[in-house]
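Hints are included, so try docking the two chains, each in its own frame, into the full complex.
Chains A and B are the protein sequences, given in the same order. The numbering used here numbers the first residue of the first sequence as 1 and each following residue consecutively. The numbering used here numbers the first residue of the second sequence as 1 and each following residue consecutively.
Just so you know, these hints were derived from the structure itself, not from any lab. There may be inaccurate statements among the hints.
[What the hints assert, rightly or not] Covered stretches of chain A, as calculated for chain B (at least 3 residues, CB under 8 Å):
| # | region |
| --- | --- |
| 1 | 31-43 |
| 2 | 51-64 |
[To be verified] Derived, one-sided and incomplete: chain B residues facing chain A with beta-carbon distance under 10 Å:
| # | residue |
| --- | --- |
| 3 | L22 |
| 4 | I81 |
| 5 | D110 |
| 6 | E111 |
| 7 | R112 |
| 8 | Q113 |
| 9 | D180 |
| 10 | I181 |
If you're wondering where the values come from, they're calculated on a predicted model, not measured in any experiment. In this text, a Cβ means the ideal position worked out from N, Cα and C, and glycines have one as well.
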Amino acid sequence: MLFAMSRNPEEPVYNRIEAARTALGLSRQELADKVGVHYQTVGYLEREEYSPSLVLALRIAKALNQEVSELFSQTPFKKGK
Amino acid sequence: MFKKNKIYWFEGVTEKGVKSLLTDENSKYRWLRSQRNRRILVVLMALGTAFVAAGSYWPTLKTNLNLSDGAEVVIYSVTAIFAIFAILMGYLFLRISVRGIADAPDELLDERQIKIRDTSFRYAYYGFGYIVLVLLLLMNIGPEVKLFQPEGNDGSYLIISMMFLCAALPSMILAWRERDI
Numbered sequence: 001m002l003f004a005m006s007r008n009p010e011e012p013v014y015n016r017i018e019a020a021r022t023a024l025g026l027s028r029q030e031l032a033d034k035v036g037v038h039y040q041t042v043g044y045l046e047r048e049e050y051s052p053s054l055v056l057a058l059r060i061a062k063a064l065n066q067e068v069s070e071l072f073s074q075t076p077f078k079k080g081k
Numbered sequence: 001m002f003k004k005n006k007i008y009w010f011e012g013v014t015e016k017g018v019k020s021l022l023t024d025e026n027s028k029y030r031w032l033r034s035q036r037n038r039r040i041l042v043v044l045m046a047l048g049t050a051f052v053a054a055g056s057y058w059p060t061l062k063t064n065l066n067l068s069d070g071a072e073v074v075i076y077s078v079t080a081i082f083a084i085f086a087i088l089m090g091y092l093f094l095r096i097s098v099r100g101i102a103d104a105p106d107e108l109l110d111e112r113q114i115k116i117r118d119t120s121f122r123y124a125y126y127g128f129g130y131i132v133l134v135l136l137l138l139m140n141i142g143p144e145v146k147l148f149q150p151e152g153n154d155g156s157y158l159i160i161s162m163m164f165l166c167a168a169l170p171s172m173i174l175a176w177r178e179r180d181i
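Just chain B, same shape as in the assembly (with noise of 0.2 Å):
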């Protein structure tokens, strides 16, 4: 009998994503899951991040190499997008070594993992909430820094590096935390 895939859309997992994570049914990923491995996962993550936010204060090509205006958009766009799917497939990488606690719903979790789920989300915030207040204190100087000036940083990049690690912060968290995931 069929059963039905639940799919949690504020969480932004499916009932059997989280269950497949947990009960090691792909056993190909555990590699991930050793504390070293998964730590190494978050400053990797955290230096692709921090990359990313500075996107629009990445050194120009065009003065080193010669090269045409065409030809330097092509490789900064290119450079860009490599940069921001690595982060993606990290992000992925990330989720499977915390077997997906920190976004999973709380009936599929037991008393213990919604217990680190919540720290994770409580540290996240913390930590999110100095990123953002550093960023504010940065806007406030904008003029020296060209932060958000049309001529210097538009805040794409920064945009997206927020909004990724929004999501990423409480798996990263967790990740760094936690022995035995």
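The shape of chain A in the complex, shown without the other chains (with noise of 0.2 Å):
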């Protein structure tokens, strides 16, 4: 069916920018300045529902001071961690 395909069919990828982000004090737009991309494509990585490339990966790390390995991972973070 043209319009019931899925959006997302790969393994999802969990992230923690939003913590990483307001632990900065930034907004969605700052950091989207940061990275180089549209506000909402912040709200898209947030909400899980968009997997980033490697490139935007690293950015998001950088801009956020972290390592991607501590942002990004394809098992749930535990809560608090």
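Now the structure itself:
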């Protein structure tokens, strides 16, 4: 069906972008400006509805002063970690 | 310092135009961006396009209203111009509702936007292909439906609507599918 196809058939990538961003006091727009994407793309990333490319993941990690492995995972993050 | 506004001829957009749509500079069109309103617009556009495509089959008014040939031609032409103008306006609104993503070049979009634009074009290609296939089949049985016949549909309205659909289908699909634009 044209309009019922899976949006993201790949394996989900979990992330802690929102927690890291708010810890730094950044808005979505500010983070988006830092990494060169639209602010809605940051929203999609935070809701885990979009998995970033490696280049974007590296840029986000740099902007949030974190390692990629600390921000992204193929398994859900434990709460409070 | 005046910065040159780059024109993307192939895509039919300008750098400033796309950036303006992407950055919410003009908030008066924000109401268009909800998924519900975008979907309503897509349905209206589809109905409008089908209406124009069937232009040569519009029922004649002459026999019902006792009009002269001249009056009928005027009413027919005005209706056609209005219908075409309406779908062109709809197309402009549609472009605004999807922030011009479907028509924007790679260098003005981020990786997610490029991905959803390309997906829309892929579906539009399928959709357009099916429509062309149906039209070719109709041509094959042309004499029965008087398609592309001098005394029936000369094809002009069909060509106008197909040209429109070719340009608008990616935006229509994008407007329908995406939750947030």
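Evaluation of the provided hints:
no.: 1; hint: 31-43; in the structure: holds (count 6)
no.: 2; hint: 51-64; in the structure: holds (count 3)
no.: 3; hint: L22; in the structure: holds (6 Å)
no.: 4; hint: I81; in the structure: violated (32 Å)
no.: 5; hint: D110; in the structure: holds (4 Å)
no.: 6; hint: E111; in the structure: holds (6 Å)
no.: 7; hint: R112; in the structure: holds (5 Å)
no.: 8; hint: Q113; in the structure: holds (6 Å)
no.: 9; hint: D180; in the structure: holds (5 Å)
no.: 10; hint: I181; in the structure: holds (8 Å)
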